[in-house]
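Trainee: Protein chains in written order, with the numbering used here: chain A, 131 to 671; chain B, 131 to 671.
Since the hints were derived computationally from the structure, they do not count as laboratory data.
Keep in mind that the hints are not guaranteed to be accurate.
Claimed, not checked - List time: in silico DSS-like cross-link candidates among lysine-lysine, alpha-carbon distance up to 27 Å:
| # | chain 1 | residue 1 | chain 2 | residue 2 |
| --- | --- | --- | --- | --- |
| 1 | A | 523 | B | 146 |
| 2 | B | 324 | B | 378 |
| 3 | A | 595 | B | 523 |
| 4 | A | 160 | B | 160 |
| 5 | A | 141 | B | 523 |
| 6 | B | 165 | A | 160 |
| 7 | A | 165 | B | 160 |
| 8 | A | 606 | B | 523 |
| 9 | A | 523 | B | 595 |
| 10 | A | 146 | B | 523 |
| 11 | B | 549 | B | 471 |
| 12 | A | 523 | B | 606 |
| 13 | B | 523 | A | 602 |
Number of protein chains: 2
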Amino acid sequence: MAKNKGPRRPKAETPKGFRDYFGAEVTARKAMLDKIAAVYHRYGFDALETSGVETVEALGKFLPDVDRPNEGVFAWEEDGDWLALRYDLTAPLARVAAQYRNDLPTPYRRYAMGPVWRNEKPGPGRFRQFYQCDADTVGAASVAADTEICAMLADALEAVGIARGDYVIRVNNRKVLNGVMEVAGILDPADPSKFEAERGIVLRAIDKLDRLGVEGVRALLGQGRKDESGDFTKGAGLSDEQAAIVSKFVNANEELRLEMWAERNEYDKFSPEWDTRIRAALLSDPFFNDFGKDKASLEFWNNRICNYLEELVDKSDIGLEGVRELREIGALLDDLGYDAKRIIIDPSVVRGLGYYTGPVFEAELTFEITDEKGRPRQFGSVAGGGRYDDLVKRFTGQAVPATGVSIGVDRLLAALAAKGRLEASAQGPVVVTVMDRERMSDYMGMVQDLRAEGIRAETYLGNPKNFGNQLKYADKRQSPIAIIQGEDEAARGVVQVKDLILGAKIAAEATVEEWKSQPAQVEVRREDLVVTVREMLGRHR
Amino acid sequence: MAKNKGPRRPKAETPKGFRDYFGAEVTARKAMLDKIAAVYHRYGFDALETSGVETVEALGKFLPDVDRPNEGVFAWEEDGDWLALRYDLTAPLARVAAQYRNDLPTPYRRYAMGPVWRNEKPGPGRFRQFYQCDADTVGAASVAADTEICAMLADALEAVGIARGDYVIRVNNRKVLNGVMEVAGILDPADPSKFEAERGIVLRAIDKLDRLGVEGVRALLGQGRKDESGDFTKGAGLSDEQAAIVSKFVNANEELRLEMWAERNEYDKFSPEWDTRIRAALLSDPFFNDFGKDKASLEFWNNRICNYLEELVDKSDIGLEGVRELREIGALLDDLGYDAKRIIIDPSVVRGLGYYTGPVFEAELTFEITDEKGRPRQFGSVAGGGRYDDLVKRFTGQAVPATGVSIGVDRLLAALAAKGRLEASAQGPVVVTVMDRERMSDYMGMVQDLRAEGIRAETYLGNPKNFGNQLKYADKRQSPIAIIQGEDEAARGVVQVKDLILGAKIAAEATVEEWKSQPAQVEVRREDLVVTVREMLGRHR
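Kindly produce the complete structure, drawing on both the sequences and the hints.
Mentor: So this is what it looks like as C-alpha cells:
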C-alpha cells in the first residue's frame with residue numbers, strides 16, 4: 131500500500147458481520163422496545179444504561195461455549211489494561227450491582243436495552259452486533275421473583291402483539307436437573323468438581339433437544355453422535371442406565387402427558403405398539419389441549435409433574451428443593467391467573483449457559499412459519515433466562531441471589547413481521563415538488579403548513595431541473611402524495627394534489643373507464659391544501 | 131499477578147472515562163430524543179442506525195484537532211484489518227451514502243441517534259462515550275437544505291422545552307470566511323495548499339472566541355498567546371493589517387449593531403470614548419433587542435449584515451458567493467417566519483471542524499446558569515452543523531453535497547435540567563409490603579390489580595423478615611405509596627394504604643394538630659385498593 135501513487139480511496143463497506151438498519155427497520159424495533167419498556171416500568175423495574183465498553187476482567191468469561199478468556203469479545207489494550215465491548219447485558223449488571231452495592235436499593239430491579247457485541251464468525255442472519263432487552267431482579271432469593279419475571283415476560287410478549295396461544299413459557303429448575311445428575315451418579319454433592327466435564331456435555335446436549343430430537347440427545351448422553359456431515363461429537367459417556375435417568379427427566383412433559391392419556395383411555399402405555407409414530411399421533415389428540423385450561427386441571431398438572439420429578443430425584447436434597455421451588459412457582463402462577471397455555475412447567479428446558487443455579491425459563495412461539503426451504507416449522511425460542519446466584523459473588527465474595535430474562539430482540543421482531551404485527555410503516559412524507567426554483571419559499575411554506583398540522587412533509591431539495599426525478603424520488607420514498615404548483619397554478623392560486631397510492635393502483639389494475647371516475651390528481655385552492663391532503667391520507671388508512 | 135495464590139477478584143469498576151446511567155437519567159434522555167425524532171420524522175427524515183463498529187479506513191481522520199490517524203478512536207486489529215468504534219455519526223453516514231448510493235433516494239435525508247466513542251483523556255464531565263443526535267440531507271446542493279436544517283433545529287429545541295427567546299441559532303458561511311482569508315492574503319484560490327496551516331490556526335482561534343474574547347483571538351491571529359498558566363500557543367503570524375481584516379469579519383455582528391446604534395443616536399462611533407466598557411453598556415441598550423422582531427427590521431438587518439460582508443470580501447469570488455448564499459438563507463427564513471430572535475446571520479460562528487465547505491450554524495442557549503464557581507454565565511452552545519460537500523467524495527471520487535446538524539445530547543439535557551424541564555420523574559412504584567410470607571400470592575394479586583390499571587407497582591421481593599427494611603426500600607425507590615396487610619387486616623378484608631409523600635411532608639413540617647387532620651395512612655377495603663391508590667397518586671400530581 132505504501133507504494134501506491136496518489137490517494138487510495140477507502141472502501142465504503144460495513145465491516146464483516148455488521149449491518150446497517152434503515153427507516154422502518156429502526157422505528158419498528160424502537161416501537162417494540164418502547165412497549166416492552168412500558169411493561170417493565172409498570173412492573174417497577176428501573177432503567178439502567180451502562181456503556182458499551184467494560185474492562186475485560188469485569189466481563190469475565192461467561193460467554194456461552196467459550197473457554198478461553200477474551201475469546202468471543204472485541205478487546206483492545208490500553209496502558210496495560212484490557213478493555214472490551216460487552217457481549218451481553220448481564221455481565222455489566224453484575225458489575226454495577228457490585229460497584230454500587232451500598233447505594234442501590236435491595237432488591238435492585240433494572241431493565242436494560244441496547245446493543246451487545248460478539249466477536250464470532252459471521253454467518254447468514256448472524257451478526258456481530260445485535261440488541262438485547264433484559265430485566266433482572268438482583269438481591270431477591272425468593273422464587274416469587276422468578277415467578278414475576280415469567281409473568282412479566284408473558285405480559286411483554288402480549289404487549290408487543292404476540293397473541294395468547296401463540297406463545298408458551300416453559301419453566302424448569304436447574305436444581306432438579308442437579309438432583310437427577312446426583313441420582314445418575316454424575317454429581318457428588320461432597321465434591322462438585324467431580325464429573326464437571328460430563329455434566330457440561332449433558333447440559334449442552336439437553337439444550338439441543340429441539341434440534342437433535344430425543345435420539346440425538348440420547349446419543350450425546352452416551353458415547354457420542356455422528357452428524358449428517360459425518361462429524362463426530364464426543365458424548366458424556368453415560369451408561370444406558372444413567373442416560374435413561376436423564377432422558378426420563380428431559381422427556382418428563384411428554385411422558386407424563388402420554389401417561390395421563392393412557393390412564394384416561396385405559397390403555398397400556400408400555401405395549402409394543404407404543405412407538406414414536408403412535409406417540410406423535412396421540413400427542414395431537416385434543417385431550418392434550420385441555421391441560422391447564424381451567425384452574426382444576428392446571429393444579430392437577432402441576433401436581434402430577436412435580437410428583438413425577440420428585441420420584442425421579444429420589445432422595446437428592448438439591449433435587450427435592452428444586453421440586454419444592456417448582457411447586458411454589460406453579461402455585462403462584464396459578465393464583466395470578468397465568469394458566470398452562472401461557473406458562474408451563476417443562477423439564478425439557480435447561481438453557482445452555484453454565485451460570486444458572488435455580489429456576490430457568492424459555493419463551494417459545496408456537497405458531498408455524500415457513501423456513502428457508504419452504505418447510506413449515508414452529509417459530510421457536512425468543513427469550514429466556516433464569517436464576518444465577520453467583521455472578522455478583524465474583525466481585526464481592528458474597529453470594530447475591532439474582533434472576534432475570536433476556537429477550538432476543540431480532541428474533542422477536544422477525545416473529546412480529548411474520549405475523550404482520552410490525553407497527554412502523556414505511557410510508558414516506560408528502561413531497562412538495564419544485565417547478566420553479568425562484569419560488570422555493572412558496573413550496574417550503576406549503577410544507578410548513580402541512581407539518582404544522584402534524585403531517586409528515588418535505589420540499590424536494592434535489593436538483594429540480596428534471597421533474598421526472600422528483601416523482602421518482604417520491605416513489606422511492608414511498609410517498610403517499612405529491613404536490614405540484616407551476617407558474618400557471620401559482621398565478622391562479624391553486625395547487626395540484628396527486629394521490630400516488632391511488633395512482634399506482636390505477637396504473638396497475640384499473641381500466642380506462644375506472645380511471646376517469648377516480649381522479650388520482652385534483653386541483654384545489656392553495657388554502658385548501660392541508661385539508662385536501664389530510665382527506666387523501668385518510669383514504670389509505 | 132501470576133504469583134497470587136487463590137482466585138483474584140475482579141474490580142467492579144466502570145472503565146476510566148465511562149459512566150453508568152440510572153433510572154430517570156435514562157428515561158429523561160429517551161423522552162427528549164423521542165421528541166426530537168418526532169420533529170425529524172415530520173420533516174421527512176428517515177431513521178438510520180449503523181453499528182458502533184466501522185473499519186478504520188472508512189472512518190478516516192476527520193476527528194477534530196487530531197492529526198494522526200487512529201488517534202482519538204478506540205481501535206483494534208482483526209486479521210490484518212483495523213476496526214474502530216465510531217467517533218461521530220457523520221463519518222458512518224458518509225460511508226452509508228457511498229455504499230448504498232444506487233439504492234438510496236437522492237437526496238437522502240436521515241436522522242441518527244446513538245452513542246459515539248472518543249479515546250480522549252477523561253476529565254470532569256467529559257466522557258469517552260456519549261450520545262449524538264444528528265440529521266443530515268445528502269445530495270442537495272441548494273441552500274434551501276441548509277435553511278431547512280436551521281428551521282428544524284429551532285423546532286426541535288422548542289419541542290423538547292427550550293422556550294422561544296431562550297435560544298438563538300447563528301448562521302455563517304465558510305465561503306465568506308474564505309473570501310476574507312483571500313482578501314487578507316492567506317488564501318490563494320490558484321493554490322489552495324498554500325497557507326493551509328495558517329488558515330487552520332485562524333479557524334481554531336475564531337472558534338475559541340467565546341472562551342478567549344476578542345483580544346485573545348487577536349493575539350492568536352498574530353504572534354501567539356500566553357494563557358493564565360503561562361503556556362504559550364503559537365499564533366497564525368498575521369500582520370496587524372491582515373489580523374484587522376479577519377477581526378472585522380469575526381466581530382461583524384457586534385460592530386454592525388453598534389454602527390446602527392451610533393447612526394440612530396447621531397453618535398460618532400469612532401470617538402475615543404468608544405472603549406470596551408462603553409460597548410458593553412451600549413449593547414445592553416433595548417434598541418438592540420429590536421432587530422429582527424418584525425419582518426421589516428429583519429429584512430433590514432439581513433441586508434445590512436450582507437452588505438457589510440460583501441464590502442469585506444471585496445472582489446473574492448468565493449466570498450461573494452458565500453454572501454449570496456447568506457442572503458438567500460436569510461430571505462427564506464424570513465419568509466418562513468423564523469425571525470432573528472430565533473435564527474440570525476452572525477459571522478462570529480465558524481465551527482472548528484475542518485470539513486465544512488459552506489453554511490455553518492450553531493445553536494446557543496441564551497439564558498443564564500450558575501457555573502461551578504457560582505458565577506452567572508450564558509449556557510452556551512448545544513448544537514451545530516453545516517455543509518460538508520467532500521465527505522462522500524473520499525469514497526467515490528464524486529463530490530456529493532451534504533448538510534446537517536448534530537445536537538449535543540448531554541448538553542441539551544443539562545440545559546433542560548437547569549430549566550426544570552426534564553420530563554421523566556424519578557418516582558418509584560407503589561410497594562406492596564410482605565407481612566406474611568405465606569400469603570405471597572395475595573400480595574402479588576394486589577400488585578397485579580394495580581398494574582392492570584396502569585399503576586406502576588411491585589411486591590417487596592427482598593427478605594421480608596425486617597419490616598423496617600421494606601419501608602427503607604420504598605423510601606430508596608422514592609415510592610409514593612406503601613400497601614400493608616398483616617394477618618389481622620387480611621382477616622377483616624382490609625388493607626392499609628400509606629401515603630409516603632404526605633408522610634414525609636408531615637414528618638418534616640407539620641405540627642401535631644395538622645397531622646391529626648391529614649392522615650397519611652388509611653385503612654380501606656381490599657376491593658377499594660386500586661381506587662384509593664389512584665386517588666392518592668392524584669394528590670401529588
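Trainee: Look at each hint and say if it fits the structure.
Mentor: Hint-by-hint comparison with the structure:
| no. | hint | result |
| --- | --- | --- |
| 1 | A:523 / B:146 | holds (23 Å) |
| 2 | B:324 / B:378 | holds (23 Å) |
| 3 | A:595 / B:523 | holds (23 Å) |
| 4 | A:160 / B:160 | holds (11 Å) |
| 5 | A:141 / B:523 | holds (12 Å) |
| 6 | B:165 / A:160 | holds (14 Å) |
| 7 | A:165 / B:160 | holds (14 Å) |
| 8 | A:606 / B:523 | holds (23 Å) |
| 9 | A:523 / B:595 | holds (23 Å) |
| 10 | A:146 / B:523 | holds (23 Å) |
| 11 | B:549 / B:471 | holds (19 Å) |
| 12 | A:523 / B:606 | holds (23 Å) |
| 13 | B:523 / A:602 | holds (24 Å) |
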